[in-house]
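Starting from the two chains in their separate frames, assemble the complex, guided by the hints.
Protein chains in written order, with my numbering: chain H, 1 to 110; chain P, 1 to 114.
It is possible that part of the hints are untrue.
[Unchecked claim] Below, computed lysine to aspartate or glutamate pairings styled on DMTMM-like, alpha-carbon distance capped at 25 Å:
(1) H:K9 with H:E32
(2) H:K57 with H:D81
(3) H:K73 with P:D101
(4) P:K41 with H:E32
(5) P:K53 with P:E3
(6) H:K65 with H:E8
(7) P:K40 with H:E79
(8) H:K65 with P:D101
(9) P:K53 with P:D1
(10) H:K22 with P:D101
(11) P:K40 with H:E20
(12) H:K9 with P:E44
(13) P:K19 with P:E44
(14) P:K41 with H:E8
(15) P:K18 with P:E52
(16) H:K9 with P:E84
(17) P:K19 with P:E67
(18) P:K38 with H:E8
(19) P:K40 with H:D81
(20) P:K22 with P:D96
(21) P:K40 with P:E3
Hints listed in this document are in silico derivations from the structure and should not be mistaken for laboratory results.
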Amino acid sequence: AQRVTQPEKLLSVFKGAPVELKCNYSYSGSPELFWYVQYSRQRLQLLLRHISRESIKGFTADLNKGETSFHLKKPFAQEEDSAMYYCALSTPGGSYIPTFGRGTSLIVHP
Amino acid sequence: DTEVTQTPKHLVMGMTNKKSLKCEQHMGHRAMYWYKQKAKKPPELMFVYSYEKLSINESVPSRFSPECPNSSLLNLHLHALQPEDSALYLCASSQDLPLGDEQFFGPGTRLTVL
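Bound conformation, chain P alone (with noise of 0.2 Å):
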């Protein structure tokens, strides 16, 4: 298996809602990525995980939560949301951080907040 899985595809939520987003990757891949994408502009970082263990945080306010259950999942907990966080949300995974290795994206969750 040689993608990157997101579920849900869509998401709709409140600002007082609590959603979470789904990331999966059975390539054996040590580090693992969230990015924030907004039309027309370059993924922009949110974390990283390397070996599990939250390795960079881009300074990204405290609604959201990341979380690296194993090595294959890396979900994202989304609370108290503002309607500018509306985007497409990617996970990414690669072999691991020092090697610089490509990059493999998930096909993201289009998260539209009310």
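Only chain H is shown next, with the shape it has when bound in the complex (with noise of 0.2 Å):
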């Protein structure tokens, strides 16, 4: 079965920090990748799929296959990345349907 873990349920930082979400997944193909935000009274986005490469509002994510991870970073944080991130997995296995982690909350602190 597969399975997204984000291990932190509360991430906090000061501004201009750098930042890292992680993400790990159990799933022993090549997965689909995604990283989703949540901004406050706003709706559930995509930031960034692996296999785009881009780097979205200073984040990146690169997918290790090795050590089955996704994890999302951004090197200097701002007060407005202050939001829910969902890492979500999509694989053949499961039908193509996302299976999101538990999310993280990222608090940037002035």
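Given below as structure tokens:
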């Protein structure tokens, strides 16, 4: 069965500090991995996906198949990054229905 | 139009009421989803429609009844709900199921069952 683990429920940093939101997955094949973000009072939206390999709002995420991880990183956090972040996994075995992690709440203090 | 819209934004209903949630998208997406989300929790999948046919029902109680009248619309009919069904109900769409594409989410309907 596919599973997504986000070990941190809450991550609190100061503005300008580096941030890393962890995501580990269990799946033996080639998964599709996503990071979704939900800002306060806004809809859940895609932040980035591993196949696009782009940086969105300064965030990057690299798929590490050896460690089965897809951690989200940003070198300098901004207050507007405060939000709920969900890692999601999509696989052929799961009919490509995304499986969401429990989410990490990121709080960036001024 | 690249948005998923949902109506109503808020809904308060009694346990004996019958109500419906509506979802609409005009992006030509062929997969549509209903999720339930409790505060500070991830979305929980309820139903998936693919090409207007129910593809997945995640063992949802029969008091929730989905309907896909056409490729742009998705409804969720509610009847005899319980207070624990109070949550944010999210609709989402994606281009197609086998592609594993990104999902586009609506803003949700905040449901309160009294």
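Each hint, compared with the structure:
no.: 1; hint: H:K9 with H:E32; verdict: holds, 23 Å
no.: 2; hint: H:K57 with H:D81; verdict: holds, 9 Å
no.: 3; hint: H:K73 with P:D101; verdict: holds, 22 Å
no.: 4; hint: P:K41 with H:E32; verdict: holds, 22 Å
no.: 5; hint: P:K53 with P:E3; verdict: holds, 22 Å
no.: 6; hint: H:K65 with H:E8; verdict: holds, 21 Å
no.: 7; hint: P:K40 with H:E79; verdict: holds, 19 Å
no.: 8; hint: H:K65 with P:D101; verdict: holds, 20 Å
no.: 9; hint: P:K53 with P:D1; verdict: holds, 23 Å
no.: 10; hint: H:K22 with P:D101; verdict: holds, 22 Å
no.: 11; hint: P:K40 with H:E20; verdict: holds, 20 Å
no.: 12; hint: H:K9 with P:E44; verdict: holds, 17 Å
no.: 13; hint: P:K19 with P:E44; verdict: holds, 21 Å
no.: 14; hint: P:K41 with H:E8; verdict: holds, 13 Å
no.: 15; hint: P:K18 with P:E52; verdict: holds, 23 Å
no.: 16; hint: H:K9 with P:E84; verdict: holds, 23 Å
no.: 17; hint: P:K19 with P:E67; verdict: holds, 13 Å
no.: 18; hint: P:K38 with H:E8; verdict: holds, 18 Å
no.: 19; hint: P:K40 with H:D81; verdict: holds, 17 Å
no.: 20; hint: P:K22 with P:D96; verdict: holds, 20 Å
no.: 21; hint: P:K40 with P:E3; verdict: holds, 23 Å
Taken one by one, the earlier hints all hold for this structure without exception.
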